[in-house]
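K.L.:
In case you want the letters, here they are:
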Amino acid sequence: MLISINNMAVVLRLTALLILLVSFSSFAYSTSNNNAAIDSKCSKETQTDESSFSEELLVRPLPSGHVHSHFEFTTKWSNPSIKSSLESYHDLKLSHYDLFPRALGEVVEKYHVRELHLTLTQGLWRHHKWGYPVADAPPGATLWVWFNPAPKNVLDDAWRDLVNALSGLFCASLNFIDGSNTASPELSYRPSGLAQPWYASNSSYLRVAALARENVCTENLTPWKKLLPCDTKAGLASVLYPSPLYSAHYHSLGVHLRPSCQDPGACTRPQLELVLSVSLVQQRLQEGRQDFTLRGLYSSPIFSVCPMAYKSMLYVDVTGNEDGRTFSLSPPPSEVVTRGAGLGSASHRVFAVYDLQETLSSSRDALNVAARYAKRHTYAHVSGPPLVATRYIAGYGQEGGSIRVVLSNSGSEDLSVVYLELLPWYLRLYLHTAHETGQGERYLSQFVGARDREQGWVYEAVVRVPARGSTELSLPFTRALLKWLEYPPDANHGFYLPAATVSAVLPTARNITAATAADTGSLLDKLSVREGEQLVRLYTETLLVTLPTPDFSMPYNVICLACTVVALAFGPIHNITTKRLVLKKIQPSESFASTVSGKVRRLFGFKVDVGAEADEGAAKTDTCAAGTDAAPVAT
Amino acid sequence: MGLLTDPGMEGGWLSNVLLAHEKILSVLLYCVGAIWFLALAHNSMNHETYFSENALLPGLVHGEFMGEAKANRFLQELNKETEKYPSTMPHAWLQAKMTQLGLDTYTHNFTLHYPMAANKSFTGNNVYGILRAVRGSSSESIVLSAPYRAPRSPHLGNAPAIALMLALAHFFSEQLYWAKDIIFLVTEHEQLGMEAWLQSYHGSLPQSPPVLDFGKLIARAGPIQAAVNLEIPESFVSHVDIRYEGLNGQLPNLDLVNLLHRLCHRESVEHTVRNRADHRKPDTASGWLHQLHTLLSSIATQATGVPSGNHGLFHRYGISAVTVSGERVGRAGGRRATLLHLGRVLEGTCRSLNNLLERFHQSFFFYLLPATSRYISIGVYMPAFGAMGSCLLLGALSLWCSSCLRLQLLQAEQPASDQPDEKESSETQSDEKLTETREQTNAAIPDTSSTPVTDSGTQSLVSLACVALVCHSAGAVASWWPTVASRTGAVVALHADDSVALGSLALALVLLRLPSALTRSITGCSWQVVKCAVQLELAVIVFAGSLLNFSLALIVTAVYAPVVIAVAPTSSRLVRWLKCLLLLAIHPLTLTATFASVDAVLNFPNEPPLALLMRCVTVSKRALMYSVVDSYVYGNWVYPAACWCLLPVWLLLWHVQLSAPLPPITKP
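Just so you know, the sequences run in chain order G and S.
Numbered as in UniProt numbering, the first sequence ends at 635 without a single skipped number.
Numbered as in UniProt numbering, the second sequence ends at 668 without a single skipped number.
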């Protein structure tokens, strides 16, 4: 917006396109090239209906003293009907459910869904301490869905119904998603599964919404578990007990549905892939050591595998600990897998792999992997990942403020970062004073203005963050006054603003935990990142903003006051309206008191003058009027 | 009877009563207000404190803090470390300790460019650690802070507070129940460090001539819900003083103050307000006097606008904050509180604050505390203050009535020949009162009687505007005068304190000659109109000010109102001199010096008189200097308010006092 005609804008525009391309280039397949191949295979595969299930767990000790566990349950399903609807961008027709959860499948079928990502998260992923997660998720609930091509009003209706269906399915307040907090951003949320460029670049098929205030608890976990083929009866899911889960520093439930490839590389056989994931970060320092056991982490060892799963694996990240000097694992792993381009390269990763099916079948004991550290854990400065974002509200008072985000790049190359802000309408943004500080440049790629109660703000900008530097963006705002029924019961708590999304393509794979390619078969494939550029999407903090709040005891006071007034007014009005006004001649009769006082005065020899008598007379008439009540004196 | 219905202006009985008894009514209102206010210190007039915010649930759980040994270990280490750095903060040690406790630790640098001297700057360094709440998303936080005091600082040391804070950080980091992040903050250079940190935390825009360069913070933890500042000079304290007065007289929510008192009571820690324990029998006369003393002491503190601790700077940002100050009185053998007790109190406080669902909004933000468990709310003290202040309005009203009356009389005088006397009959009734008021209002300036009366009225207003403008410009000059004075003083190698004091004195003396210059150039302004205007202005200032800094408004009213009632030009030389002296005694500069000296005398009662006098002079100079510097650095508005509001009012009063007394009206 500010830099419209100079070269920088062009460069940033190009990088925006680059990000767009990188995010799906690896799986954007071209039908024209492979038409023949598909046709030839189709004949063979018409009868096949394949579905597979795998369960995997990654345990990563983090340098900050925490332990990150990531459970991933993957269901893949391919049959000719799915294949054709995925290729032709038509609604899925699912039948003969086997491993795929029917509850979710029916929802997906009905509401034109092609790709669906739902995360329910409690806690904030601390990037500067924990690095990048397998899949980032902001605090609260986030839902983003790519629909099959359809007119806008159809998609809007589908979206409205979908959030209600999912709300029921996961016991989450997703039904609070409406037009005012939904957006279709251009760059930040590309399809993560198979998509052709014409589809992936058309963000009108996309709907994104976030509920920052959503609390996640067992009522969400239970329906989530029911989507698993073995439920919690067997397999890795049987160790998901609520109490260790909900005392963790961070936990995130994820449901990711996308079309993916059965055959890596050529990508000719599309399939439906459902990944159910749980991410946990825990800290269990024992005697100052970072020692952990599966029993300690989940209050139960692994005692069974899901019989439906073709693969049940446990990976422990031992990168940098190949020699076992930092910590030792017992029992020893069945295999140690080294991935990447060799020791010292950015993609070098080493995993201790436990094949659970093999291990549990060979011994009758449950598997309780324990890591024993040689030294006590010392808290020290942890060098964070290259790109970190922090966001805060500047200013104080109830009138204005500004949302500031600091994007810091500790890497050695300049980064182009897509920054997306979805804000509620009750903040009034001021774009003319929005600015950045530092040496960064900014190119506004999308801006949607808010309409009261109908549409929120969408602010998407591409920002250049200099190497070993930072850029601070500032979005000034003022606050709107809500109608008094629009305030929540705890109005003085404040209103949550959803997390901002920061997407960037990092030049190296050094700090990347998991790649997001569409052709990855298993968790281990995701963890084995390739050399070169990698896309990261990270979320900032949610913000709490106070709006000017009326004194809610005021209506009560007003009611009291109004009732008093009515009560006081009732008597006289009732009198006036029900009693007749009759003009009455007042006889100057002497009351008892005045006769007595007159006698007393005369007795003591006071002169009673005329004026005083007249006054007395007036007083008498007054008392008369007051005494008779029904006869007001008209003068 | 007739008076009520008389349409004639001079016949309004209200105005007649007003004109007849204005002085008595004013004095009566003032006295009633003052006595009423003093009576508020008695328990029958004030109320017992209570918790308005149910979510606080104070003392619902048992304290589990057992870290006294840990705190003492930290204290020993810190003392060792302090010996190595006699004048700076051992921030490396603090940072290391906080990091080892698992906090996200950061440092924060700031620089003060001293506003009173060019090229003079101080740098400082704060250390803060954030305990991230488990499962929390860093959207709310609580601050526990302690100022670091180097051995060379003039204040008492504060190492036990920092040690206790670290022990608490250790204890808190093992608990799972936190819903809000807790920020442990150690500031340097007393309030300066705190101000810099807060400005930086809230992302303030840099000032245009940068006085305080507040640096940048790396990490934050959402809006701060409440803050507790610790000042514990020793590891054993006799009692805990809860300080609450903030910058510009802002107060924290009463619930927070109550919370601390309640928890101290629960942990059997002696707790006080303004270092004064509760009286055993508050209903007796001595109990009333005791509470009155406490009340007046807190009013005096609040009126200065200077925070009584680092907590006071939070209030501007809408954050309720108090200082827990451990005190040690020499009384040996008394009950003492250890760091364990204090730790339990703070644990309870933090847990209560952690329970808060909404930010503090219930309870009171405007109150006075005569004892630890009694409060006087705004609804209770305002009527008393209103009675005191309304004598100003009453005076203005009567002056207005009398000038209107005078105009009417003049009108009646001029066209008396051609106007038929319709109201003769009605006037006879009120004739007695009328002559009375005529005598009182020495109206009718001889030279204006020749000009048309309406012109005289306009002219009077125009010249009033001129006088007011000049006086207010003088106030504006005074507001930037200290900077000029100190810069000029620096040229002749004068200390900033001295140059500001001398400069202000010189300006004040020059301004004393303003009225004579004004009367020479601006004529036709009757002193009544000026006095009416000045009373109205003062009334507006004190009533508006009472909602910002009640104590300051109260003191200004208490001091100015009697003088304003008394001020009027007289022909008697002795009376005039006495009134001038009275006016000089309430000059803002004199008031500052008086209050500073009284404070010095109360604080050092055992000094020899000459030394005390010297101390009074020094203290007065300092008070002036600090008020100027505070206005630049912290935005304390006592000095600007004195310059922009009080000084013009005083100059106008001075002008009124020195104007010529008007000859009595010539009876038609």
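Because the hints were derived from the structure by calculation, they are not lab data.
One should not assume that every hint holds.
[What the hints assert, rightly or not] Taking lysine to any residue pairs in the SDA-like style, the calculated list, with each CA pair at most 25 Å apart, reads:
(1) 226(G) - 241(G)
(2) 216(S) - 226(G)
(3) 216(S) - 123(S)
(4) 375(G) - 92(S)
(5) 70(S) - 65(G)
K.L.:
Could you work out which earlier hints the structure fails to respect and list their numbers in ascending sequence?
P.N.:
2
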